[in-house]
Amino acid sequence: METVALVLGALLTVLCVVFVARPLLRPARTGEEPLEGANPAELLRVRALERRDRALAALKELEFDHRTGKVSDEDYGALVGPLRREAAEALRELEHEDRPEREGLKADVHG
Amino acid sequence: MPELGRAALVAAFGLILYAVVVGAYAAWRGRRRLLDSATNALFAAFAAVGVASLVLLAALARNDFSLDYVARLTSRELPNGYTLAAFWSGQEGSLLLWLLVLTGAASAAVALNRRLVREVLPWTVPIIGGVALFFAFLLVVVASPFDTQAAPADGAGMNPSLQNPYMIAHPPMLYLGYVGLTVPFAFAMAALASRRVDERWIVVTRRWTLAAWTFLGFGILLGAKWAYEEVGWGGWYAWDPVENAALMPWLVATAFLHSVMVQEKKDMLRVWNVILVAGAFALSLFGTFLTRSGVISSIHSFTQSSIGPFFLGFIAVTAAFSIVMIITRLPQLRSKTRMESLVSREAAFLYNNLFLVALALTILWGVIYPLVSEAVRGVAVSVGAPYYDFFAIVFGLPLVLLMGIGPVVAWRRASLRSLARQLAWPTGVALAVGVLLLAGGAGSSPAGLIGYTLGAFVMTTIVLEFVRGTRARKSIGSGGWWPAFTGLVARNRRRYGGYVVHASIVLLLVGAVGIGGFSSSREVRLDRGEAAEVGDYRVVYTGSSEQRGANAQEVRAHLEVFRDGEHVGTVEAGKNSYFAEEQTSNEVGIRTDWLRGEDLFVIADRFYADGSVQLQVIVNPLVNLIWLAGLVFVLGAAVAMWPDAREQRRLAQRFAGEGALARA
Numbered sequence: 001m002e003t004v005a006l007v008l009g010a011l012l013t014v015l016c017v018v019f020v021a022r023p024l025l026r027p028a029r030t031g032e033e034p035l036e037g038a039n040p041a042e043l044l045r046v047r048a049l050e051r052r053d054r055a056l057a058a059l060k061e062l063e064f065d066h067r068t069g070k071v072s073d074e075d076y077g078a079l080v081g082p083l084r085r086e087a088a089e090a091l092r093e094l095e096h097e098d099r100p101e102r103e104g105l106k107a108d109v110h111g
Numbered sequence: 001m002p003e004l005g006r007a008a009l010v011a012a013f014g015l016i017l018y019a020v021v022v023g024a025y026a027a028w029r030g031r032r033r034l035l036d037s038a039t040n041a042l043f044a045a046f047a048a049v050g051v052a053s054l055v056l057l058a059a060l061a062r063n064d065f066s067l068d069y070v071a072r073l074t075s076r077e078l079p080n081g082y083t084l085a086a087f088w089s090g091q092e093g094s095l096l097l098w099l100l101v102l103t104g105a106a107s108a109a110v111a112l113n114r115r116l117v118r119e120v121l122p123w124t125v126p127i128i129g130g131v132a133l134f135f136a137f138l139l140v141v142v143a144s145p146f147d148t149q150a151a152p153a154d155g156a157g158m159n160p161s162l163q164n165p166y167m168i169a170h171p172p173m174l175y176l177g178y179v180g181l182t183v184p185f186a187f188a189m190a191a192l193a194s195r196r197v198d199e200r201w202i203v204v205t206r207r208w209t210l211a212a213w214t215f216l217g218f219g220i221l222l223g224a225k226w227a228y229e230e231v232g233w234g235g236w237y238a239w240d241p242v243e244n245a246a247l248m249p250w251l252v253a254t255a256f257l258h259s260v261m262v263q264e265k266k267d268m269l270r271v272w273n274v275i276l277v278a279g280a281f282a283l284s285l286f287g288t289f290l291t292r293s294g295v296i297s298s299i300h301s302f303t304q305s306s307i308g309p310f311f312l313g314f315i316a317v318t319a320a321f322s323i324v325m326i327i328t329r330l331p332q333l334r335s336k337t338r339m340e341s342l343v344s345r346e347a348a349f350l351y352n353n354l355f356l357v358a359l360a361l362t363i364l365w366g367v368i369y370p371l372v373s374e375a376v377r378g379v380a381v382s383v384g385a386p387y388y389d390f391f392a393i394v395f396g397l398p399l400v401l402l403m404g405i406g407p408v409v410a411w412r413r414a415s416l417r418s419l420a421r422q423l424a425w426p427t428g429v430a431l432a433v434g435v436l437l438l439a440g441g442a443g444s445s446p447a448g449l450i451g452y453t454l455g456a457f458v459m460t461t462i463v464l465e466f467v468r469g470t471r472a473r474k475s476i477g478s479g480g481w482w483p484a485f486t487g488l489v490a491r492n493r494r495r496y497g498g499y500v501v502h503a504s505i506v507l508l509l510v511g512a513v514g515i516g517g518f519s520s521s522r523e524v525r526l527d528r529g530e531a532a533e534v535g536d537y538r539v540v541y542t543g544s545s546e547q548r549g550a551n552a553q554e555v556r557a558h559l560e561v562f563r564d565g566e567h568v569g570t571v572e573a574g575k576n577s578y579f580a581e582e583q584t585s586n587e588v589g590i591r592t593d594w595l596r597g598e599d600l601f602v603i604a605d606r607f608y609a610d611g612s613v614q615l616q617v618i619v620n621p622l623v624n625l626i627w628l629a630g631l632v633f634v635l636g637a638a639v640a641m642w643p644d645a646r647e648q649r650r651l652a653q654r655f656a657g658e659g660a661l662a663r664a
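Residue numbers (our numbering), protein chains in the order written: chain A, 1 to 111; chain B, 1 to 664.
The following block holds chain A by itself, in its conformation from the complex:
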């Protein structure tokens, strides 16, 4: 029984080592690709997308709450304007964030 356990234990260890080493054994392409980390452009873009989604979701929720009577006409009138402006600003910001990327891609294609 002890021998079987030792063989099984050794087999488990070997399998684990092979599995763990596999990513290191695959052929390197042009050197190891670095991890991306926090790219400032990427962070700004995600923030802009979050802002857009948040503003659009808030508008949708406000419409629904108004329809259910949770938000009065008066409150709706006061809230909808700033929310629409926020959504429009977020969309503009996003467009601004995307422009350098699109221009970069265009340059890649034409270059």
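It is worth saying that the hints were derived from the structure and are not from the lab.
Heads up, some of the hints might be wrong.
To be verified - Below, in silico cross-link-like pairs of lysine to aspartate or glutamate (EDC-like), each with a Cα-Cα straight-line distance of 16 Å or less:
#, chain 1, residue 1, chain 2, residue 2
1, A, Lys60, B, Asp240
2, A, Lys60, B, Glu647
3, B, Lys336, B, Glu264
4, B, Lys265, A, Glu2
5, B, Lys265, B, Glu647
6, B, Lys225, B, Asp240
7, A, Lys60, A, Glu86
8, B, Lys336, B, Asp267
9, B, Lys336, A, Glu50
10, B, Lys474, A, Glu63
Claimed, not checked - Label-pair restraints from in silico Cβ distances:
#, chain 1, residue 1, chain 2, residue 2, range
11, B, Glu374, A, Leu6, 17 to 25 Å
12, A, Val80, B, Ala424, 19 to 27 Å
13, A, Val80, B, Thr486, 53 to 61 Å
14, B, Ser475, A, Arg84, 17 to 25 Å
15, B, Arg471, A, Leu91, 27 to 35 Å
16, B, Arg471, A, Ala78, 53 to 61 Å
17, A, Pro23, B, Trp233, 36 to 44 Å
18, B, Trp233, A, Glu63, 50 to 58 Å
19, B, Glu374, A, Ala78, 55 to 63 Å
To be verified - One side only, chain B facing chain A, incomplete, derived with CB under 7 Å:
#, residue
20, Glu3
21, Ala7
22, Leu15
23, Val408
24, Ala410
25, Gly469
26, Lys474
27, Gly477
The C-beta atom is built at its ideal place from N, Cα and C for all residues, glycine as well.
Given chain A, work out where chain B should sit, using these hints.
The following block gives chain B in isolation, referenced to the frame of chain A:
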């Protein structure tokens, strides 16, 4: 094959150590392939812990008493279900279960978010590995379940109080909850370490947090059901330190689940949310420490051991790490958004958070005060139920009130006039219920009367939310009432799942108030043929019997039960004397009236030689609503957790191309 179990645990320890060290180096230096290798080590560790677990299960199934663990916790006569449940009945096995669930959850979380972990939050692997490493260390160095000895003829058996079906399910549920809280903690800390403090870690861990919270909540209720049936004092929650240990992280996780919505909707409370996640995780470790260390006298004192200092050290390291991470990332975490009004949904969530955290902290103080007192003054004190009851009422009733008000307040700001209009119906119904109850004699328990009135208030709000929402959906062309209703829930599962969870809390409140404020009890010694009356019930003692059970000698008192003069059934209550364990347990008799939700609860305290019996007969009104609340709670949580394809598409769109941009 204990050697295989030991080898598997050593292999798991090595693999996790590799995942931590190599994973941290890879995250620090930006090495993708090294991180992939560390991630594989985490997966392999799960497999190795799985092998160790199978070895232990096999040893339990075979009654292999050459393993000290098996001999200490089982016997040949122990029923099979309990024999296998011994896996988590003792310290070493429960630590192994912790590690199994943790490596499994970590592997699943990392595998399901592989690109995110590999490219955006590379610190997730070493952080989650760090937690697993602690448990692997305990299992390899301090408390191995594979220690061997010369096999005795029979084992010592299992503590009788653990021989209850609810005890088979209760610990794994709690472990799933405790361990599940590691996932949001690890992703939150990885987000801080990677300086990625956007919403992504919240989006990824939302379901993990909900699942962990659900397991923890359901596990607490299973424990309450166990205590109700097995400990046999007629109550369901005794503010025992170990019960509180599970309640505290649940309360903090509840606060997090609410405040995270404020971050999603308003980009506020970012620091607060990270603090809550770290707090819930630290409290889940503290809960395990309390259960396992034996530092506090508890109904769970069968778990006492010497691993306490290790746990305390690890909690201190985790807390220090979290504090340092939060402080160093404060500039990125600060939000520019401010609260617009104190009458708004986000303000209601904030109030709810303050009450929840205050309740958790007062419970924590009650749990640790005896330790502090003994350490500082050398005086052993205990904090009893009145302390906890007081704070449960002081913070709990406003929380219930907020459950009724919060859903009808609009985001950003709401006018008081609009709020008053929304609350008119709930207030009217609550007042009507209060007056009716008062007229019906419920004024004997003022706290109970207030509880029921608030319960009616919240329940009306919930029903109205569903009705108004369905009507609005119908008005925008969603077909009939049923399609409008299902569309309403499907389009906002978290909100309406949350309302179902709120309804379960109301059920729990009604049940708890029923048993706490309106139960009746009587202690009586009865000779054969004599009767006792309690509430509407009359029980007649017809005699006792004795028989040999699977692993115990069972003595039972037989009682015929009458209500309002009508025979409604029988109840048996007695004691079991366990052979191997050489211990006696109370086996209470419970007769449930499902229609009324009440129990007739009988404890046979003592059997006399002359054939008479000392009984405690209790009528617990509405207690079964507490257990029903557990099922409704799980239903609501399932609705809230159910994946929403539309939302998934939106999020995929939001994060699509992010990697490409970063690589560009």
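Item to complete: With respect to the beta-carbon atoms only, verify the hint that Arg471 (chain B) and Ala78 (chain A) lie 53 to 61 Å apart.
Response: Violated, at about 24 Å.
Discussion item. Given a cut of 7 Å on the nearest C-beta pair, is the interface hint for Leu15 (chain B) held or broken against chain A?
Written reply: This hint holds: Leu15 (chain B) lies near chain A, its Cβ roughly 6 Å from the closest one there, short of 7 Å.
Worksheet item: Are Ala7 (chain B) and chain A close enough, Cβ to Cβ, to be under 7 Å, as the hint says?
Response: Constraint on Ala7 (chain B) satisfied, holds at 3 Å.
Worksheet entry | Distance restraint between Lys336 (chain B) and Glu50 (chain A), which requires alpha-carbon spacing of 16 Å or less | Cα-Cα ~14 Å, so holds.
Practice prompt. With a cut-off of 16 Å on the C-alpha distance, tell me whether Lys265 (chain B) and Glu647 (chain B) pass.
Written response: Answer holds: Lys265 (chain B) to Glu647 (chain B) is near 14 Å, not above 16 Å.
Item to complete: With a cut-off of 16 Å on the C-alpha distance, tell me whether Lys336 (chain B) and Asp267 (chain B) pass.
Response: Holds, at roughly 8 Å.
Fill in: Assessment of proposed distance window 27 to 35 Å (beta carbons of Arg471 (chain B), Leu91 (chain A))
Hint holds: Cβ distance 32 Å, inside 27 to 35 Å.
Fill in: Range agreement (Cβ of Trp233 (chain B) with Cβ of Pro23 (chain A), hint 36 to 44 Å)
Hint violated: Cβ distance 57 Å, outside 36 to 44 Å.
Worksheet item: Taking the CB of Ser475 (chain B) and the CB of Arg84 (chain A), does the distance hold inside 17 to 25 Å?
Response: The hinted range 17 to 25 Å holds for Ser475 (chain B) and Arg84 (chain A), with Cβ atoms some 23 Å apart.
Item to complete: Take the C-beta atom of Glu374 (chain B) and the C-beta atom of Ala78 (chain A), compute their distance, and say whether it sits inside 55 to 63 Å.
Response: holds (58 Å)
Discussion item. Holds or violated: the hint that Val408 (chain B) contacts chain A, with Cβ atoms closer than 7 Å.
Written reply: holds (6 Å)
Discussion item. Need the status of pair Lys60 (chain A), Glu86 (chain A): alpha-carbon distance at most 16 Å?
Written reply: holds (13 Å)
The earlier numbered hints that this structure contradicts are 1, 4, 11, 13, 16, 17, 26 and 27.
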